[in-house]
Amino acid sequence: MSAFVGKYADELIKNAKYTATPGKGIWAADESTGTIGKRLASINVENIEANRQALRQLLFTSPNALQYLSGVILFEETLYQKTSDGKPFVEVLEENNVIPGIKVDKGVVELAGTNGETTTQGFDSLGARCQQYYKAGARFAKWRAVLKIGPNEPSELSIQQNAQGLARYAIICQENGLVPIVEPEILTDGAHDIVKCAAVTETVLAAVYKALNEHHVLLEGTLLKPNMVTPGSDSPKVAPEVIAEYTVQALRRTVPAAVPGIVFLSGGQSEEEATLNLNAMNKLGVLKPWTLSFSFGRALQQSTLKTWGGKKENIGKAQESFLARCKANSEATLGKYVGGSGTGLASESLYVKDYKY
Amino acid sequence: MSSFKSKYQDELIANAAYIGTPGKGILAADESTGTIGKRLASINVENVETNRRALRELLFTTPGAFECLSGVILFEETLYQKTASGKPFVDLLKEGGVLPGIKVDKGTVELAGTNGETTTQGLDGLGQRCQKYYEAGARFAKWRAVLKIGPNEPSELAIHENAYGLARYAAICQENGLVPIVEPEILVDGPHDINKCAEVTERVLAACYKALSDHHVLLEGTLLKPNMVTPGSESPKVTPEVIAKYTVTALQRTVPAAVPAIVFLSGGQSEEEATLNLNAMNKFQGKKPWSLSFSFGRALQQSTLKAWSGKDENIKKAQDAFIVRCKANSHATLGTYKGDATLAEGASESLHVKDYKY
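Sequences listed follow chains G and E, in order.
The first sequence maps to residues 9 to 365 in the working numbering.
The second sequence maps to residues 24 to 381 in the working numbering.
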C-alpha cells in the first residue's frame, strides 16, 4: 500500500475504530498548565497541582459518565497523576473502556511575514516521547494546528505548513503505536459568512489529506478533529440544520471513507449549541462513510466547572452536570438528542477572541 | 463553497448521479478514427466512414442494451452521425434514456526528459468545443490521462502534469454543462505486483483530488474512471476477490464520498475478467460511498466485433454477443453476476496490448 504499515497497524486500526464507536466520543481534558490556570481562575481556584488533580479526579470518577466516552485526551502531567486513593488515572480510564490519549504538540508560533498566522511546534524527540507515552498507557495523540480566515488568510504558506506539520506528526505517532487525531482548526473569529467558512474548510482539508498521503499515513488508523462549518463569530447565527448541511458537505468533498471517525472540536460554541449541531449532523439523511462524534473540552466541562467552584461540597452536583453533558453528546452522536439538557449555564457562549490554548 | 458555481450546477449533479445508477454503466465507443481502424483491420473490415457508422449502429440498436447503459462515450465523428434510416445517434440514445458523452482530449505527447511518460493535449479552445458538443446533445465528456509504473515511474512530474491537466479539463467542462469523467489510467504493463499498483494508484488519485480541489471542481458533478488495482501484465494473476479488496481499499483512501460513481476502465482485461472483477468489487464488504460500475470499450465489444466481421448477415449474432456482455456487466454492478454469461468466441481473450495507445 501507499500507507506505512508498521508493527502497530492492526492495533491502530482497532483503536481508531473503537474511538469512533457510535454513542461515544472524546473528552478533551488536555488543557496545558497555563490554560487550565485560566479556567481555575474563572472560578477563583488556585492553579496548583493538587487542584488540577482534584478537578480531573472529579470528572474521571463521575458515576456513569465514562460509558459515554471512548477516549480522553490528557496533558502530560495528568497522564502520570493518580486518584487520592493512589490509583493511576490511566487505570481508571482503562477499567472503564476509555482509551487514554495525550496532547503532544508544544503550542503555536507565528509565521514571519504573515498577518499573525501560525505553525505548530513539537517535533523534537516526538518519536521518543510517543514511545514513552505508549508505555504509560496512551494509545492516541492529539496535535492542534490553527488557521484563521481573513482578507488574505489562510495563506498558501500557512495551509502548507500546517498540513505538512500534521502529516509529519501523524506518521511519527503511527510508528510508535499512537492513533493520531489530526486537528486543523480554522478559528471562527471574523465577519465572514458560512459559505466562506465552507470554502476555506474544504481547501484546508484537501491539503491535509494530500499531505497525509504524501507522508504514507494509514488513514484507517487516524481520526479527524475539524471545526464545524459555521458563520464567523461576528456574523449572524444560523440554525443547526444549516451548520449540519454545510459541514457534512465539506467533509463529503474531502475526507476519504477510510477515516473511521470525525470528532468535532467545539470552538467557542456553548455546550448546548455544540450538542445541537452535532445532533443535526447525525440526523442529516445524507451518506456519511465515517461516524460523526465529539472531542469537546470547554463544551463538556464549562457548567461542571462553574458548579464545582473548587468546593468539595459541590462535587456531587458538578459530577451530575458532567454526566448530563456526556449523555447529551452521546445522544447527539446517534441523532437522538431532544435538547434542553442541563442548566442555563449550558447555553453560555464559550467564545474567546483569537483563542489560545 | 470551494467549488465554482456553474449555471449548470444542478444539471451536472443530476447527470452524474444518473450515470451511477445501479445496474447501469457506460459503453466507451469513443475510439478515434485511427484506433477504430485497428479494430476493423482485425476483422478485415475497411476503415471507411460507412463501416464505422455501421458498427456503432449495430451496437446502439441492440435490443435491450440501453437498459444496461446510462451513457455512451462517442468520438466527435459519431456525435454527428445518424442511423441508416436517418435518425441522429444522439436522438436514439436520448430516447433510450442513455446520456451521450464525448471524448475531448487530443491524445498524449511525451514529456521531455522522462522515460516515455506522457501528458495529454486538448485544452486549446476546449471551452468552445464543449459548448458545441453540449449543443449537439452531449452531456458528459471524457479525457484520458496516462501514467505508467516503472523503476522511476510515475515521476512526480508525470503525476503533477496529468493530475492538473485533468483538473483544468474538468473545470472547463463544468463551465459548459458537461460532466467530466476524470480518467487517470495507470497502465498495467510491467512485472510489478499488486502492492506496487495499489501504492501508485493511491498516490495518483490523491494528487488528482488535490488538483480538482485547487481548480474548484464540483465533485458531485464528476465521475472517476480509474484502473482497477491488479498485478502487472507480466506478473502472476490473482483472484477477483483480491483485486476487489485492493481496489476498494485504494478508493476508500482517496476518493471523497461526494463523487457519485466510479466507472472502471477495463485496461487489457478480457471481457470475462473485467466483469468478474467488477462483480467482486460490488460483493466486497466495506465502505463504498460511491457506486462502482463500468466504462468499458474493448471489454464490451470484443466478441461482438468478431461475431460481426463486417457482414450484414452477422448483425443479429453480433448483437446477441453484445447484449450478453451488457447484461453480465449490469449484473456485476449489483454483485449478482453468476459467471454464467454464454461465452462467445473471444470473451476470455486477453485484450492486453503492450504500451497501449488509443
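Rather than coming from a laboratory, the hints here were simulated on the basis of the structure.
Hints are supplied without guarantee of correctness; some may be wrong.
Stated by the list, open to error - Think about it this way: if two alpha-carbon atoms lie no more than 20 Å apart in a straight line, the pair counts; the simulated DMTMM-like pairs of lysine to aspartate or glutamate are: (1) E:K219 x G:E222; (2) E:K310 x G:E183; (3) G:K15 x E:E222; (4) G:K245 x G:E183; (5) E:K117 x E:E99.
Here is how each hint holds up against the structure:
1. E:K219 x G:E222: 15 Å, holds
2. E:K310 x G:E183: 26 Å, violated
3. G:K15 x E:E222: 19 Å, holds
4. G:K245 x G:E183: 42 Å, violated
5. E:K117 x E:E99: 17 Å, holds
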